[in-house]
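Colleague: Take the two lone chains, each set in its own frame, and fit them into one complex as the hints suggest.
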Amino acid sequence: MTGNVDVLLGSIDAIENGLGQFGYIANRQISTAVYLSHHLKKPILVEGPAGVGKTELAKSVAAYVGMPLIRMQCYEGLDESKALYEWKYGKQLLYTQILKDKLGQLFGLTETIEEALEKLHGFSDVFFSHHFLEPRPLLRALQQENGAVLLIDEIDKSDQEFEAFLLEILSDYQVTIPEIGVVEAITPPIVFLTSNSMRDLGDALKRRCLHLHIGFPDAKLEARIIDTRVPGIDEKLRKQLVSFVQQLRALELKKLPSVSETIDWARVLVLLHANMLQSDMVRDTLNVLLKFESDIEAAGKQIDSMTHKARQEAGFAD
Amino acid sequence: MPTDVQVHGIAPVQTGPTMSEPLRRFLAAARSAGVRISSAESIDAMRAIEVVGFSDRTVLRDSLSLLVAKSVEEKHIFEDCFELYFQRNDFAKPNEPGWRTPQAEDEDDEDGGNQGGGPGGTGSAQGMGGGQGQGKAAGDKLAQMLLADDRAGLAQAMEQAAEQIGLNKISFFTQTNLYTRRIMERMGIRPVEREIEALRRANNDASNSRADALETGRERLRDRVRDFVERNLLLFAKGENEKFREELLKSSKLTNMERRDMDRMRVIVRAIAKKLAEKYGRNRKKKNRGQLDTRKTIRRNMAWESIPFITVWKQKKIDKPKVMVLCDVSGSVAAMAQFLLLFLYTLNEALSNIRSFAFAGNLIEVSEILEKKPIEEAISEIMMTVGFGSSNYGNALLDFEEGFFSAVDSKTTVIILGDARGNYNDPRTDIVQRLSERAKRLIWLNPEYRSSWGTGDSDMFRYGPYCHILTVCNTIRHLENIVTDMLKGSR
Chain A
1 MTGNVDVLLG SIDAIENGLG QFGYIANRQI STAVYLSHHL KKPILVEGPA GVGKTELAKS
61 VAAYVGMPLI RMQCYEGLDE SKALYEWKYG KQLLYTQILK DKLGQLFGLT ETIEEALEKL
121 HGFSDVFFSH HFLEPRPLLR ALQQENGAVL LIDEIDKSDQ EFEAFLLEIL SDYQVTIPEI
181 GVVEAITPPI VFLTSNSMRD LGDALKRRCL HLHIGFPDAK LEARIIDTRV PGIDEKLRKQ
241 LVSFVQQLRA LELKKLPSVS ETIDWARVLV LLHANMLQSD MVRDTLNVLL KFESDIEAAG
301 KQIDSMTHKA RQEAGFAD
Chain B
319 MPTDVQVHGI APVQTGPTMS EPLRRFLAAA RSAGVRISSA ESIDAMRAIE VVGFSDRTVL
379 RDSLSLLVAK SVEEKHIFED CFELYFQRND FAKPNEPGWR TPQAEDEDDE DGGNQGGGPG
439 GTGSAQGMGG GQGQGKAAGD KLAQMLLADD RAGLAQAMEQ AAEQIGLNKI SFFTQTNLYT
499 RRIMERMGIR PVEREIEALR RANNDASNSR ADALETGRER LRDRVRDFVE RNLLLFAKGE
559 NEKFREELLK SSKLTNMERR DMDRMRVIVR AIAKKLAEKY GRNRKKKNRG QLDTRKTIRR
619 NMAWESIPFI TVWKQKKIDK PKVMVLCDVS GSVAAMAQFL LLFLYTLNEA LSNIRSFAFA
679 GNLIEVSEIL EKKPIEEAIS EIMMTVGFGS SNYGNALLDF EEGFFSAVDS KTTVIILGDA
739 RGNYNDPRTD IVQRLSERAK RLIWLNPEYR SSWGTGDSDM FRYGPYCHIL TVCNTIRHLE
799 NIVTDMLKGS R
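Sequence lines, in order, name chains A and B.
According to the working numbering, the first sequence holds residues 1 to 318 in order.
According to the working numbering, the second sequence holds residues 319 to 809 in order.
In isolation and in its complexed conformation, chain B is listed as follows (with noise of 0.2 angstroms):
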């Protein structure tokens, strides 16, 4: 990249208070590029730019993604970021010196014109401005242009366009064409296809040249547009575009999932349950073993002249809750119990202890199978294994009794996922109830709307009294804010 760059479009901003403009701007795209850019990062970027100058494009690129990417990730996601958005224009002449902002054009325009781009640029963008780009005037300085190839005022007058019909709001790619062709009408299409039009009509040899001309002229125009409206949809909507499915994901139903969106939501769901790891992984509490802490007793101990009466310990115990899951994998359960599941096992080092069974007709536990595979290929291996059946909760509560309740103790918090529809089996509610007063907790999350609870084979209001905790459970929002309440719940 040469050094001797002049920066065009953004060096007659470089003072005052608009200076932060196109770099806010280009925040803005980094943001929604998927770059976590806080309010303190952008001031630094600024006080950056301050030091380093816009002079060159390598230094600056440098500085704003020590400034601003924080990973390795976002310094690739920055960087693309920045080559879209800073890269040389369309319309600028190979060699031609200057790269630009897309839309940083019409910041000179606001300061009165003070010198844009290239030649004549200046003047067919305050055409533009004053006849709405719609007028006589502005079709004539359009075809001007077209047939001149005027890259510099073109780009300017596309540009201002651009801003003008509020390119940046562009949310969807099925939108590029409707943009593409809002940007040329308002630069002024409309009179030059009537002038095409009468051009042809009249056809004889000098109208139809010019009419020839003006059409390579419109297509060559319609192309750049194009290409423009897209690099913006990319600058802008992509991110914005994935945090809407997101918040979408996030509170749809699991039971619904569709198959190509599962691998979107196990990262969701990772993300969620390492941040709450994060949170809450290390609940410490003091413990009265491990290293002295010299300073702290002499000091609790001044008033005996520091004879150390009351020790003070350093170390601190990890207070991490112990939890057994039993999963209902029949049926429509399953879909839940694969990302309740996921979550608890992303959630590890926040839990001492995590014990799973999976039951329809009958319970196994599944923890080592879930500890050694992908949890992908191991909630699949667990579907073969006990999936099929229609579910008796009687029986796979009564195995669980059976084999693990002595591994239950008054630190466990039990959770039990499941519609509690047994098929008209005994429920065996009495092995809830002794499960119930064993284990510190005892929570059921059923994937089924409230109303259905109790119609027809559902048990679930014959097990709620028993329950600490009787939740709907069947999105992602759900699931996070019960592991959030178990976590806290556990200080």
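Only chain A is shown next, with the shape it has when bound in the complex (with noise of 0.2 angstroms):
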């Protein structure tokens, strides 16, 4: 398994085009990313705005190795006891109600109290082992035989000490549990952080990662993305339609739109059976695209001079 591992992020260009086979279209900077993650054994801390496949970047990569991806979506106040292992607490207190039961069996034979102690020192601590461990995202991805891909999702929304708690699983792949010690992981996982820039995240944090940011794509790549997510789009409208888009980006707005709200427009778009930006209909599905209804009012005065902008780009003029 490993060794396919290997092979499969053996080269930039493999991955590239591995990635490409499971949807996910990688710039140059991306496979980049994921092969000195696997060479340096390093996680990535993917940071951009939100909807240009930081998430989905993770789950590509998980599919294309083959491993099983385990995700930890992160919010305040998550703890250890979400992210790593939590005790088993009904399983102990039975524990301990069958070894009181038992006790008599045991100490039966002894006549003093130091005699019992010493023969109660004798036995292995069960209470806290492994049996009444009940592993989290976080152990089960160091417990995975064969690797895995662990997302951290949304780093930036936990509290500061979670950010603390999780330096040592990034930089050893080890956690320490108090009652037991060092666990360490079966197979380093390929671990991705991703960060919405919410909050400055720590230096500490932020030298143990590889730091991948991922903009909005560029006409090219964005109309590569389309193609390979909406495969039953007619080439000029895609092209019409990137276009668009790219041209929406560089206005004022509120919340600009991602890739993944391109794709959903492209969605409506065929669903509708268009086959060429209409102004009217780019109009009646602006509302796809962008999220606020002072942007949709923005766009809305220039809609007309950039779907016939877009036409011309694509070389369509009226």
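Since the hints were made in silico from the structure, they are not lab data.
None of the values given here were measured: they were computed from a predicted structure.
Check before you lean on any hint, since a few could be wrong.
[As the list claims (entries may be wrong)] Calculated cross-link-like contacts (lysine-lysine; reagent style BS3-like; alpha-carbon spacing at most 27 angstroms):
hint	chain 1	residue 1	chain 2	residue 2
1	B	Lys640	A	Lys82
2	A	Lys255	A	Lys291
3	A	Lys157	B	Lys758
4	A	Lys157	B	Lys614
5	B	Lys690	A	Lys255
6	B	Lys690	A	Lys41
7	A	Lys91	B	Lys632
8	B	Lys593	A	Lys100
9	B	Lys393	A	Lys220
10	B	Lys691	A	Lys255
11	A	Lys254	B	Lys632
12	B	Lys614	A	Lys88
13	A	Lys91	B	Lys614
[Said to hold, decoys possible] Only part of the chain A face toward chain B is listed, based on derived beta-carbon distances under 10 angstroms:
hint	residue
14	Thr96
15	Asp200
16	Lys206
17	Arg207
18	Gly215
Don't be surprised by glycine CBs; every beta carbon is placed ideally from N, CA and C.
Modeller: Structure (structure tokens):
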């Protein structure tokens, strides 16, 4: 299995093509990051605006290398008992009950308390052991024998304490459970962290990661993405639509449309059997691209000229 | 960018202990341009280069950028720096393969001249090294290269000369000419100039045409050397200069601040305040309510068969200081007030509640203005409202006692910023005394030096006994220390 991964992640070109087969059009920078991450055994911290395919990257890599994807969604208040491990309390309490019943049998023959204690020390401590450990995503990722892709999603939404808690797993692929000791990864997982830059992440975390910034794609890349994601689309329409979205991004909007919105829009237009951008149709479907009323209003005024320009750029003058 | 590019200049040093040298220089340049690079990151960068090699420029750039630049801004700086540093050499002919680092050439010579650059390069460099660049031989060599327009050879000689005179120590724009001249002299321009003179004196067709050619060559060389020097200035000096200025500004008196430094100062203040906010914004105290911490509860109660006699809670309370600031905004104190307010409002997340008051003759609350408007605008508006008139501390303190005394409680830190010069009005020290008893702490910041306290109309020593902290505060550094103490004290 590991050998296979080495082949799959053996060169930057292989990664670029491989991810392409799974529907993820990566630019050179992204595939370089995946390549380096594998060879330097470092996690990738992916930053960028919402909807440019940060989470999708982890999913596609998991599909490409054929490893399970273990995903951990971060939120405020997330702590180690939800992220790493938890004790099975019910089971632990049952165990103490059983123990109590057995005590008579065990210590029946002992005469003094000292002797009983001596005997007690003889038993291994089962109370805090793997039997009663409930693994959460992080521990699960370390326990996968054939490796895994671990996605720590939206790390910026978690508390700063949690960020510090992640440092050990990110740099050494191990965690320390006070009652048990150090648990090391069987096979180091491929780790992705994503962030929407809600807050600045700590330097310590950044230092341990490769920092990949995914911005909005250029027209060429976006066209390729649409092509893979919306297979039935007419080529002329695709060109116009990409050109339109690119123009839209040049406007001053509250939230710029990202790739996921372009894909949604392309699907809508295909459903509507469009083969060319028409101002009216654009106006009716603009809410797929823009998520704020004020944005729709601002863009609304320029739809005619932008549609016209998109058609011209795609080679269709009116 | 072509992918089949041979890396000229760094390729020979890929193995062995000197491998990191060009990289180290580049990282130093990137650092001085403002990219923060830790030593762990430089080691990672080295490891990355072992993996990807130098053969593909784009991949190299992307890899280093992934490892070293950790924010979007840093990535931009980094990429500019990369382009600048690893740009195709000016002397290289357009279709000659190879992009190189400035000053990477001497590497080759130290290794025994193991094949440096283009044709004729190695020979000339050795000539330079031996002859100190001043001798006749060097001059002849240079003249030859100038006449033949041997770009590779000139480039190599130039870079070596630059290394010898220590071009990477250049720190000011005004030094460009000096360094240009020094490099040319080191390359042996003097003998060439003497030759030109001699040729002119001979004044025949042959000698004149040779002199013309040499002069053209010299001009061309000067342009290139200047370009080269300017590029190095950009690479090595910009960041250093910024840092130097910043340090200087941090410890210069705020009351003397020049207008053009104000913006820069604000950036610095924001950066410091943000750092402090990050550090102290999370002072948490355990609190006896919230979510039950099952694990710790069971653990704690093991002795009673885990029947929860003692409960442990997850939630913690965030303990932040409550601050009230009274700023004298008259005359000389105004500049300081501006920075104190800017500082405190940037710190907002580390403070639970901040209320600010401005006074000269009278006192008004300015919290609302400061919260709603950007600080620069707010300050000028405050000045318009109360900034006129001479300061009257007694009056202002009375205003405060009458209007806002009830808001002061045992958790409040009160900061008074002022020179305590009340124009011989009644200082009303009794109010300060009451304030001091009521508040958690009373901090008085005085922008005047200690030596002038108590002189003239200064009532500083009369207020002094009632202040928990009384200190001079007229630079950003003072401000930083005081605010840090305040945040620490709240723990």
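Colleague: Each hint should be assessed against the structure and marked as holding or not.
Modeller: Here's how the hints hold up against the structure:
Simply put, Lys640 of chain B and Lys82 of chain A have alpha-carbon atoms about 34 angstroms apart, too far for the 27 angstroms limit, and the pair is violated. Pair hint Lys255 of chain A plus Lys291 of chain A holds up; C-alpha atoms about 7 angstroms apart against a cutoff of 27 angstroms. Between Lys157 of chain A and Lys758 of chain B the alpha-carbon distance is near 35 angstroms, which puts this suggested pair outside the 27 angstroms criterion. Distance hint between Lys157 of chain A and Lys614 of chain B is fulfilled; the C-alpha atoms sit about 25 angstroms from each other, no more than 27 angstroms.
Note on Lys690 of chain B and Lys255 of chain A: the hinted pairing holds, with a Cα-Cα distance of about 24 angstroms set against a maximum of 27 angstroms. Distance check on the hinted pair: Lys690 of chain B and Lys41 of chain A sit about 48 angstroms apart at the alpha-carbon level, beyond 27 angstroms; violated. Between Lys91 of chain A and Lys632 of chain B the CA atoms are separated by roughly 22 angstroms; this keeps the pair inside 27 angstroms, and the hint holds. As the CA atoms of Lys593 of chain B and Lys100 of chain A are separated by approximately 55 angstroms, the hinted pair breaks the 27 angstroms bound.
Distance hint between Lys393 of chain B and Lys220 of chain A is fulfilled; the C-alpha atoms sit about 22 angstroms from each other, no more than 27 angstroms. Proximity of Lys691 of chain B to Lys255 of chain A is assessed by CA-CA distance (about 24 angstroms); at most 27 angstroms being required, the pair is judged to hold. This hinted pair does not check out: Lys254 of chain A and Lys632 of chain B have alpha carbons roughly 38 angstroms apart, beyond 27 angstroms. Under the criterion of a C-alpha separation no larger than 27 angstroms, the hint pairing Lys614 of chain B with Lys88 of chain A is consistent with the structure, at around 13 angstroms.
Simply put, Lys91 of chain A and Lys614 of chain B have alpha-carbon atoms about 16 angstroms apart, close enough for the 27 angstroms limit, and the pair holds. Taking 10 angstroms as the C-beta contact cut-off toward chain B, the hint placing Thr96 of chain A at the interface holds, the least distance being around 7 angstroms. With its C-beta approaching chain B no nearer than about 8 angstroms, Asp200 of chain A sits inside the 10 angstroms limit, and its interface hint holds. Among the interface hints, the one on Lys206 of chain A holds; its C-beta lies about 4 angstroms from the nearest C-beta in chain B, closer than the 10 angstroms criterion.
Checking Arg207 of chain A against chain B by beta carbon gives a least distance of about 6 angstroms; that is within 10 angstroms, so the hint holds. Contact between Gly215 of chain A and chain B, as hinted, is supported at the beta carbon level, the nearest pair being about 8 angstroms apart and thus within 10 angstroms.
This entry does not satisfy hints 1, 3, 6, 8, 11, going by the numbered hints stated previously.
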